[in-house]
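Please model the entire structure based on the sequences and the hints provided.
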Amino acid sequence: MVAYLFRRTVALLLVLLGLVILIFIIARIVPGDPARIALGPLATADQVAEMRGEMGLDDPFLVQLWNYLTGLLQGDLGKSLLSSRPVMDDLVAALPATFELVLATIFLQISLSIPLGVLAAVYRDSWIDNITRIISLIGVVTPGFVLAIILQLLASYYLTFFPVTGRLDPGLEFSATKTGLLTIDSLLAGRWDVFGSACLHLFLPSIALAAAGIGQVMRITRSAMIEVGSRDFIEASRSYGIPEQVVTIRYMLRVASIAPLTILGLEFASLIGNAFIVEFVFSWPGIASYGVRTILQKDLNAVIGVVLVSGIFFVVANLVIDVLLGFIDPRNRLRDGSSK
Amino acid sequence: MSNRILEVSDLDLSFTTYGQRTKVLHNLNFHLDAGERVSLIGQSGSGKTVTMRTIIGTLPMPPGKVENGSIRYEGRELLTLSRKQRNRLKGTGISIVLQDPLLSFNPVLTIHRQMDDIVRYADMRSNKSRSRSARRSHIIDTLKKVQLADGEHILGSYPMQLSGGMRQRVLIGMSLLNNPRLLIADEPGTALDVTTQQEILNLLNTLVSEEGLTLLLITHNLGVVREMADRVYVMQKGRIVEQGTRDEIFASPKHPYTLELMNSVLPLYGDKVVDVADTHHEENAIEIRGVNKIFSRKIGIIRRKTEVNHAVREVFLDISRGDIFGIAGESGSGKTTLAKILLGLHKPNSGEVTIDNQNLDGFQGSTEFRKTVQIVYQNPGSSLNPRRTVADQLKVPLKFTGFSPENYHARIEELLDMVELPRSYASMYPHELSGGQKQRVAIARALSCHPKILVLDEPTSALDVLIQNSVINLLHRLRDEFDLTYVFISHDLSLMRNFCNRVAIMFRGEICEQGRTRDIFANPQHPYTRALLSSIPVITAEEERLKPVVSKAERDAVLTTTTELTD
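In the order they appear, the protein sequences are chains A and B. When you read off a place in the first sequence, starting at 1, and then add 4, the result is the number in our numbering. When you read off a place in the second sequence, starting at 1, and then add 21, the result is the number in our numbering.
If you are wondering where the hints come from, they were derived from the structure by calculation, not from laboratory data. None of the values given here were measured: they were computed from a predicted structure. Treat the hints with care, as some may be off.
Unchecked claim - Quick look at which bits of chain B chain A covers, simulated, 3 or more residues with Cβ under 8 Å:
#	segment
1	103-112
2	115-122
3	194-206
4	341-347
Claimed, not checked - To give an idea of the interface, some chain A residues facing chain B are shown, with a C-beta separation under 7 Å as derived from the structure:
#	residue
5	D63
6	V67
7	V145
8	K182
9	D236
10	S243
11	F331
12	P334
The beta carbon of each residue, even a glycine, is placed where N, CA and C say it ideally should be.
The structure is reproduced here in structure tokens:
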């Protein structure tokens with residue numbers, strides 16, 4: 005297991021290095037002079053040239069890359085042209101909001117999709133199965149942004165207790181300093197009013213973000229459960245008198261969860277990317293909103309930073325799921341390395 | 022009778038699917054007395070397994086429905102018991118051992134977890150409570166009953182870490198955890214190698230006599246029945262067509278179906294054995310000279326260590342043109358690797374292979390090579406593409422060997438004629454065909470480009486005995502007609518005895534013995550061959566007498582028993 009983790013971590017770092025280099029190259033290839041963008045159309049050619057020198061743009065490409073990478077190791081992502089603050093600071097400010105949204109989404113996906121999938125399999129072809137089938141169909145076929153807008157409209161006209169923008173009611177004074185996550189920090193501080201407001205604000209965006217994944221994973225859980233249910237060892241467990249609920253959860257679900265977890269992993273990994281649109285619709289002050297702004301402004305250092313963050317999230321999410329699968333399925337970890 | 026354990030009377034059972042009711046068990050009557058070993062025999066589809074599941078109570082109802090009759094366990098009617106009372110009997114009154122020891126375990130839980138659950142929930146139902154360690158020592162004691170001394174080690178393992186024989190033992194242990202009185206065993210050991218199978222059968226016999234178990238044995242293997250059963254019921258299409266003591270059934274079977282079953286068992290010794298004549302071709306179709314194949318893979322954190330498996334070791338073989346050359350051996354003996362080397366799918370690490378007077382190096386992969394060697398796989402269900410018609414599948418090899426498209430149609434019809442299938446089958450999909458018909462299609466596909474050599478990898482072991490014989494006859498006929506050479510890979514020595522003119526026995530990657538089939542079977546020299554032959558369950562006393570007798574010491578010298586962890 006240790007060997008497995010070690011190898012996976014090394015692979016992870018290599019993937020990230022590759023990602024940084026790739027993004028850096030792309031950022032340098034796209035037309036448009038960053039110095040000119042930074043200074044605006046009114047700057048003179050001399051001023052631009054001076055700025056180029058200051059930004060290191062006249063150095064050979066490899067030197068630029070090297071400087072960027074060494075800076076990266078020290079946590080320096082360069083300066084944002086837009087806010088003229090270090091990109092790192094901007095990211096740190098925007099990250100908790102996105103992180104909270106993504107965590108809420110993951111929570112919704114896991115807690116809804118797998119139990120509903122199991123129910124659908126256990127009560128196959130009953131009304132429960134049919135309802136979950138409709139839910140998953142709607143979730144899969146509706147694009148996240150459409151769902152986001154529909155939810156927003158519903159909330160504005162009917163479900164008015166759901167706020168449609170932002171993270172917190174404007175009237176509430178609270179700064180999340182410990183973890184940056186409003187829900188956690190408000191609980192730690194005992195501020196129930198803030199906690200309630202934060203949860204309400206989270207609800208609609210996370211539903212919009214989670215819907216596709218829920219639908220997909222629910223169906224996969226269902227079919228995996230049905231497939232595993234027909235295997236010999238389930239028949240054997242029943243014959244040895246193990247109660248039906250235990251057979252379902254411990255014997256069937258444990259084996260059947262492998263496929264849905266793999267899909268969930270991919271789903272999580274793509275959440276930040278999907279969050280771009282949902283955050284935009286709900287004016288969620290997260291990294292995606294920041295990303296959209298910086299891309300439109302061609303703020304290259306910031307764009308690299310945003311891509312890097314979503315890259316890290318992607319790779320780490322995959323790693324976590326792989327490790328989880330290793331724990332659930334001994335065949336994964338035993339095949340790899342140890343004696344047999 | 023007071024010591025009657027199980028009595029099934031007048032049992033009728035039907036299945037309802039899509040509103041259609043099909044009766045699967047007809048007026049079933051049988052019983053088991055305490056300490057008896059009773060066998061239910063029949064081909065697949067005869068209703069054996071449905072009967073088993075109805076008795077244990079795991080048959081889903083609906084779609085199943087008991088129309089009539091009763092099942093009594095120790096005098097109590099099972100069919101009217103409440104669900105709770107019925108569940109209480111599972112594992113504690115009646116227990117089962119399913120056929121495949123690997124598939125019967127949950128792959129992601131340790132053996133301990135699975136066995137502990139069985140004990141714990143049985144305790145809960147009978148309002149007992151034992152500490153975790155008390156349960157553990159009970160489990161270890163039970164493992165001792167199945168002759169597994171190293172219980173501690175086994176309990177910490179996952180099913181895949183144990184050998185096949187050991188898994189089967191643990192599985193039997195599992196069924197015994199709550200001291201059932203009746204054990205139902207579904208094809209015990211048939212998924213294992215013969216030598217292991219024999220150990221398992223001996224174990225079951227010991228358990229019946231020492232633990233006072235009653236055994237209901239469900240099998241299609243008459244050899245196993247002869248070694249294991251006191252009384253026999255023969256089932257056909259959901260009916261019991263004949264019953265009697267073992268000696269009655271084997272000495273004078275009366276029902277035509279029983280006779281048919283008996284005759285379909287290939288004899289290992291005696292007058293009925295078919296000797297396959299040599300074809301007197303002088304030249305060799307295949308020459309194998311000192312071939313070695315070593316599989317290695319890198320393991321460990323930095324992948325420095327190497328795990329080595331010497332799968333084929335210094336093999337020399339000459340296979341003459343026209344031979345039906347059997348390569349026998351148990352799982353892991355290297356026979357499949359050797360076959361893959363012949364097909365050019367594995368490259369040997371050293372040694373030379375000459376096929377049809379051409380060195381395999383360079384020859385392999387060419388169109389000419391494909392026209393020389395072809396293969397028929399074990400399971401036609403998976404070797405045929407389920408989404409393509411028979412004609413499409415037969416076309417594939419034609420396309421790759423330069424056949425002109427306008428001749429496809431004629432060739433396909435010719436091929437179907439060759440394997441005795443109606444020409445109309447060309448437009449059918451595999452799922453519309455029976456197992457035997459699918460294997461005929463697979464044979465036709467292998468023959469489509471006029472090969473000289475066919476590698477047959479257990480071509481009949483996925484088929485029922487009766488169908489097996491017809492496929493074998495077909496293969497014999499095709500060989501004579503087209504002057505083919507067969508390399509026949511199998512673990513089934515009875516089949517080999519009647520099908521091959523020469524055999525080689527493989528043992529741990531080496532060929533330990535080879536020669537004319539008749540000579541090898543009449544006078545096996547290598548202790549492994551002798552152990553192998555002596556383990557095969559046979560159906561007549563005459564064959565039993567002619568089998569080599571192997572003492573335990575002799576056997577232990579070549580075979581590791583499955584009670585020890587091999588590492």
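Structure-based check of each hint:
Residue count for the segment 103-112 of chain B with a Cβ under 8 Å from a Cβ of chain A: 5. That meets the three needed, and the coverage hint holds. Note: the segment 115-122 of chain B has 5 residues with beta-carbon separation from chain A under 8 Å; the three-residue rule is met and the coverage holds. Coverage of the segment 194-206 of chain B by chain A holds. Counting CB-CB distances below 8 Å, 4 residues qualify, and the rule asks for three or more. With 0 residues having a beta carbon nearer than 8 Å to a beta carbon of chain A, the segment 341-347 of chain B misses the requirement of three or more and the stated coverage is violated.
For the restraint placing D63/A at the interface with chain B, the shortest Cβ-Cβ distance is roughly 37 Å, beyond the 7 Å limit, so the hint is violated. This hint is violated: V67/A has a C-beta 33 Å from the nearest C-beta of chain B, more than the 7 Å allowed. A hinted interface residue such as V145/A counts as satisfied when its beta carbon comes closer than 7 Å to some beta carbon of chain B; here the least separation is about 27 Å, so the hint is violated. With its C-beta approaching chain B no nearer than about 37 Å, K182/A sits outside the 7 Å limit, and its interface hint is violated.
At its closest, the beta carbon of D236/A sits 4 Å from a beta carbon of chain B; the interface hint therefore holds under the 7 Å criterion. Using the Cβ-Cβ criterion of 7 Å, the hint placing S243/A at the interface with chain B is satisfied: the shortest such distance is roughly 5 Å. Interface restraint check: F331/A against chain B, minimum CB-CB distance 9 Å, threshold 7 Å, status violated. Look at P334/A: its Cβ gets to within about 5 Å of chain B, closer than 7 Å, so that hint holds up.
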